[in-house]
Structures are given as C-alpha cells and as structure tokens.
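Visitor: In case you want the letters, here they are:
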Amino acid sequence: MTNIFRGFGAIFYKEVLHVRRDFATLFFSLIIPLLQMTLLGYGIDTNIRQINTVVFNADGRRESRELLDRLKNSDTFRLIRYVQNDRDLNDMIISGRARVGIKIPVDYSDRLLHQMSAQVLVLIDGSDSSVAGQAINVTTAIGLDESLRHVLQDRVAFGVDMRPKILFNPDSRSPNFFLPGLTAILLLNVTTFLTAFSIVREKQQGTLEQLFVTPVRPMGLLLGKLLPYLGIGFFELILILTCMRFVFQVPIHGNVLLLAFLSLPYLFVSLSLGILISSKANSQAEAMQLAFLTILPSVFFSGYIFPRETIPTILYPLSYLVPATYFINITRGIILRGAGLVHLWTDGLALFFLGTLLLILAARRFHNKAILA
Amino acid sequence: MLATQTQPFAEPAISAEHLVRRFGNLTAVNDVSFRVEKGEIFGFLGPNGSGKTTVIKMLTGLLPLSGGSARVEGLDVRTDAEGVRERIGYMSQNFSLYYDLTVEENLKFYGRIYSLEPARLKRRMEEVIQLNGFEPYLKRLAAQLSGGWKQRLALGCAMLHEPNLLFLDEPTAGIDPVARRQLWDLLFELSGHGITFFVTTHYMDEAERCSHVAYIYFGKLIADGTPDSLRQLPDVQPQGTLRVEITTPEVTRALRLARHIPGIRSATIFGQSIHALVDENFDLDGLRSQLLKNGIAVAEIRSLAPSLEDAFVELTYKHQALLEAAGD
Ligand SMILES: Nc1ncnc2c1ncn2[C@@H]1O[C@H](COP(=O)(O)OP(=O)(O)OP(=O)(O)O)[C@@H](O)[C@H]1O
Ligand SMILES: [Mg+2]
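Keeping their order, the protein sequence lines are chains V and P.
Counting with my numbering, you get residues 333 to 705 for the letters of the first sequence.
Counting with my numbering, you get residues 8 to 335 for the letters of the second sequence.
Derived by calculation from the structure, the hints in this document are not laboratory data.
Computed from a prediction, not measured in an experiment: that's the story for all the values here.
Treat the hints with care, as some may be off.
[To be verified] With a straight-line Cα cutoff of 20 Å, these simulated EDC-like cross-link-like pairs (lysine to aspartate or glutamate) come out:
| no. | chain 1 | residue 1 | chain 2 | residue 2 |
| --- | --- | --- | --- | --- |
| 1 | P | K146 | V | D354 |
| 2 | P | K146 | V | E347 |
| 3 | P | K157 | P | E133 |
| 4 | V | K612 | V | E541 |
| 5 | P | K157 | P | D183 |
| 6 | P | K157 | P | E177 |
| 7 | P | K157 | V | E541 |
| 8 | P | K300 | P | E257 |
| 9 | P | K157 | V | E534 |
| 10 | V | K535 | P | D107 |
Please work from the sequences and hints to get the whole structure.
Guide: What follows is the structure, encoded as structure tokens:
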C-alpha cells in the first residue's frame, strides 16, 4: 500500500512539460559550458605567443646571437631583457617578470666551432603550465632545427642541445590531459543547477507546499524530478564530448559508449546534490552559493587541477568524497588511456553509491518538511 | 472522545483540541480548540498575522504541532498525515499553480498525483471542467489567466480527487466582486453535495454566508459559533446597552466629539455613519443637539442590530484591553 515512489509518474510528466515548454532557455544554459570549454580550451591549446623571456648570453659571439635571433623570430618569445649573471636570470623568473630564461654558456661558440655539441639552458616557469608546455615545444624544435643546420653545414652530429628544465610545477599538462577533467567539472556545474533551480522555483511559487498536501512521497517527487534532468545532463555530455573531440581534436582512445554509460551514475550524483542543495536554499542566489561551495572541493580535490598525490595527507580522504574524483578517473581513463569497464567499474559503483546516499539524505529532509520553514 | 469514535456518523470533519504552534518565542497559535461538522461552511476570520494560515497548515500536515491534537476526517494529523492528505484538498493563500502549464495540464497533473484511475481521471476532468466552465481555456497557459480564473483553476485542481474537505485560504483575496460572488455560488453548490469547507476570509459579507464562523485574534480563538449566535454574545451587546447608527455628513469630526460624550461606550465609523454602543438610557436627542451646537448636522439616529463586523470589532477591543492589562 505504502508505495515509496508514489507520485513519480505525475511529477515526471509535469517536469517533461516544463522542459518542453522552456526548451529555448534550457538550451541556452546548456550552451554556456561549451563556451567555457572553448575559452579555457583555446587558452591552453592555441600557440602562445610573445612569452616574456630573459636572456643571459655569457658567450656573446656571432653564433650565440644567431641563435637568439632565431628564438626571437619564432614569435613565441619576446626577449625583454638581457642580464649578466645567473642570479638576475633567476630573479626575473621568480618575480614573474619573465616566464622563460635562456642561458647561453660561455663556451657555446667555441664548442660549435670545435665541432662539439653545445648546450643551452632553458629555464621555464612551470607555474603556468600551458606556457611551459609551449616553451618546451618551441625551444626543442629550434634546438633541433639549429642542430640540423649545423649538421647539414658542417656534417657534425648534433650541434645544439636544448636542455629545458621546468621549475615549480614539474607536472605539466596538455589540452588532452586538461579537457577530460574539464568535462567532469562543467558537467557537474550545469547539472547541479538543473535540479536545484527546479525545486527552488517550486518553493518560491508555493507549488512545493501544494505538493506536500498531496499523497506524493519524497522519493516519488525527487526521482520524478531527477529522471528528466538525467536525460538533459546526458545530452549535455554529448555536446561537451563532441566539442572536445571535434573542436579540440582530443582523440578518444577508449569506448565512447562506455564513457556515456559511466556518466550516468555521475549525473545521478550531481543531480542528487542539486536536490540536496534545494532543500536548504530558498532562492536562486542561495542555491548558487551553496552549489559553488560544493563544486569547489570537486575542483581542488579531484585531481582536476592538482594531482591527487599532491594533496596533503589529512585532506586526502576528502578526495574520495568528491564525485569528480571518480568521474575524472573515468574520463581520463577512457579518453587518454583507453581503459575499459574492468578498470573503471569501481569508480562507477562508487558514484552510484554516493548518488544514492545523497538522494536518501535529500528525501529525509523533504519528508520532514523542515525545508518549507 | 470515546463516544464520538463509536458513533461514526457523529464524527466531525475537523476536531482540534488545544492546538499550539510556536515559532521561536512567538506563539502563533495558542490553545485553539474547535469542531467543524461535516457539510459545514466554516468561516475562519481574524486580522492579518493572527494565525489563520498557521492553523490550516497544522491541520493539513504542513506544520508539526507544538502542542495539542487534531483529527481531520477522523484521522489523527500527527500519526496519519498521509491518510489525511488523501481526503482533503488545499488551496493556498497564493494560488499555487504551474504557470507554464496549460489549464488542462494543471488539472491532469493533480489528477495523476492522486493516482486516479484513467477512467476516473477522465470523468473527473470532465466534471470539473464543466462545473467551472474551463472549456474555452483548456489550452491556455495558467500564467495568462485573469485573477478570477487562476483562483478557479486552483480550486479545480484542489477538488479533482473528490476530497470530503476543502481548505481554502483567502480564496477571494484580490478578486473582483463578480468573481467573488461566482466562487461563493460554487461553494454552496459543492456544499450541497456534502463537501465540508474551511474558508478564511477578511470579507464580512462572506462571513455572513458561512454556517459556522470562528474568530482568531493573535493566536487566541475568541469567538466560535453561528453568525447569529456571535451577534448576540454578551460582549458584543452587553446588558443595558443599545447600538445606534448616527448618520452625518461629517463623520470624522462627529466621531471625535462622540468619544468624549459620557454614556457612549464605543464608536466606530462605518461609511457615512457612526456605529456607537451607548447606555440604555442614553439621551439620543441630547446627543443630536450637542452635535448641532458644534456645527454638525445629524441626518438620522436609529437603533441597530449588531452586524458580524460589530461583533468582531467589539471582541477585538475587549481582547486588546485584556492583553494590555496583562502586559502592563
Ligand atoms: N514559518 C514561520 N516562521 C516564523 N513565524 C511564522 C511562520 N509562519 C507564520 N509565522 C508567524 O505566525 C503568525 C501567524 O501567521 P499566519 O500566516 O498564520 O497569519 P494569518 O492569520 O494567516 O495572516 P494573513 O491574514 O495575513 O494571511 C505571524 O506573526 C507570522 O509572522
Ligand atoms: Mg494567511
């Protein structure tokens, strides 16, 4: 008799109507993450130009000046200052005035003239890893190019050996590494708001109170709200993945269908989180603040920005509580490493449990009606 | 208590015993007891913030009770809130409709939420549409309805599942007089089918039409009975007093004067006249000449039976005085 899902069908029917009626607005909100991805993605992906560069040319002869000209012409580097010692070189980078420091040793020309390989030290500020990655690529390319020219001219093997060394942040990322993580965060961001706003709106309209005098049960209400938005979250995932794959050319090494399947428990978590937020918040602004508070740990403790290994030991258990941890493992696993269900099923299961827990917590709050006060 | 349980037909639609509801320090509902019999139109009146909505929320299971007990349709609201919800309909103070859904969709949604069988849902939809005259508006969004139609739609949604008891919280606030009259005609028609109504209102003409009224004043129930019985309460019409209506073009000035004349116990303006409670042996001709001496012409002075409004005003004054005495 007591069907804990009572009212599910009615709520589902109504939510689908809401979505259909207001699809334009909804669609617009689904486009925003694509814009965010484009902005963030291009910030990393496109060629970074005119990186502030400081030079310590200890040699100073023609060969060394030629090398500097080539660096300058690459358009990647802007030589902003020439210094005379190692300390100034370092200071410029530490103070942030230059991102890259190039040191040409005293014996550079001599070694080349004596047909030995010469080394150039390239110091790179890794605190901005996109800059760092770019700098490495270009300097090694120029080094290679320079070497080839010497090889061709003088028939000497390997003339210039560029030695890039990254300071501060040895774990640099490429867009391929960055975008799968970003997918998880963007998805969390959008979907949490879907359910949170939907219920907060009912609170403000007074229709939630109206629902509470009907026989609808909390689980029926919440699942009826959740399921239509699961469909929308899924649609959003497809949009984001399409953008990642075809705009940013990030290859997907694993099975896309598996990725789609494993995104379901993740969407379940974020939608449940939205519901839990809505049980506390009484306005959209409040819901946004709370959502921001809950999304923040997912940004910092999931390995999205900092590798989880670098999280301080006492905070480390937190990383198991944030849903993005599992989903980033899933996206990176499938997209970058071609992982399969055997490798990722535990992450999927963890997400499913997390979502169920959140939904039960929310249902209890809705049952007590404390949320109407 | 036991007696009512063994006699199912005598079971009232609502019986509230010593209801208390506190919000922090504020006691919004203070030891309120009353009974509403089946088939009654129960008018619940009181100034703003006196606790009307709070009582409704307690009876519908939206707010837990801080004290007391209540049975609605024979079921305890504390232990069987779910059973209560099956049997009642509720129309909140601000018609809670889904404005982006059409009239038809709103109705259908509420039908489904009460899990009406498809055949019954169809029949009820037709009945409610016919009863309320929704036919021309079915495909219209609720947002685009006028105030009167919104309120009708809210009522339609609340009664779709054929509840025995309907709670209507200020159903006629902000609605034009014609729509108001139509709504009351509808209530009477439904009441004829045996539905019990619990209606809050600020309109005295509506209160006069109720078969049973109660008046709540800052959490305290201070009157409960038929409109006639309230008019005849000793507090409303004390022994040895007379109620008179003084018609004059200068009501405000007349009132100021009247309040200082011995023998006049209370006076209130009603439109172009003053309603005053005076001593039985008060000299009405003396009053007329005294007013005239101050340049106030009096068209008419006549004795008056107290209206329900008079009754509530008197009761309010009395309780204000009691509260002040207790406070100081
Ligand atoms: N959730 C709440 N938290 C705190 N105080 C509340 C709450 N709900 C109502 N109150 C207070 O309880 C008192 C009674 O409010 P209630 O809404 O029941 O009055 P009302 O008689 O319905 O008034 P109105 O005629 O304006 O609708 C008011 O003082 C109100 O401020
Ligand atoms: Mg009210």
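Visitor: Evaluate each hint against the coordinates.
Guide: Okay, the hints, checked on the actual structure:
1. P:K146 - V:D354: Measuring from Cα to Cα gives roughly 16 Å; hence the hint holds.
2. P:K146 - V:E347: holds, 18 Å
3. P:K157 - P:E133: Holds: P:K157 and P:E133 sit about 18 Å apart, inside 20 Å.
4. V:K612 - V:E541: holds, 15 Å
5. P:K157 - P:D183: Measuring from Cα to Cα gives roughly 13 Å; hence the hint holds.
6. P:K157 - P:E177: holds, 13 Å
7. P:K157 - V:E541: holds, 17 Å
8. P:K300 - P:E257: Distance ~14 Å between P:K300 and P:E257 Cα, so the pair holds.
9. P:K157 - V:E534: holds, 17 Å
10. V:K535 - P:D107: Status holds; Cα separation ~15 Å.
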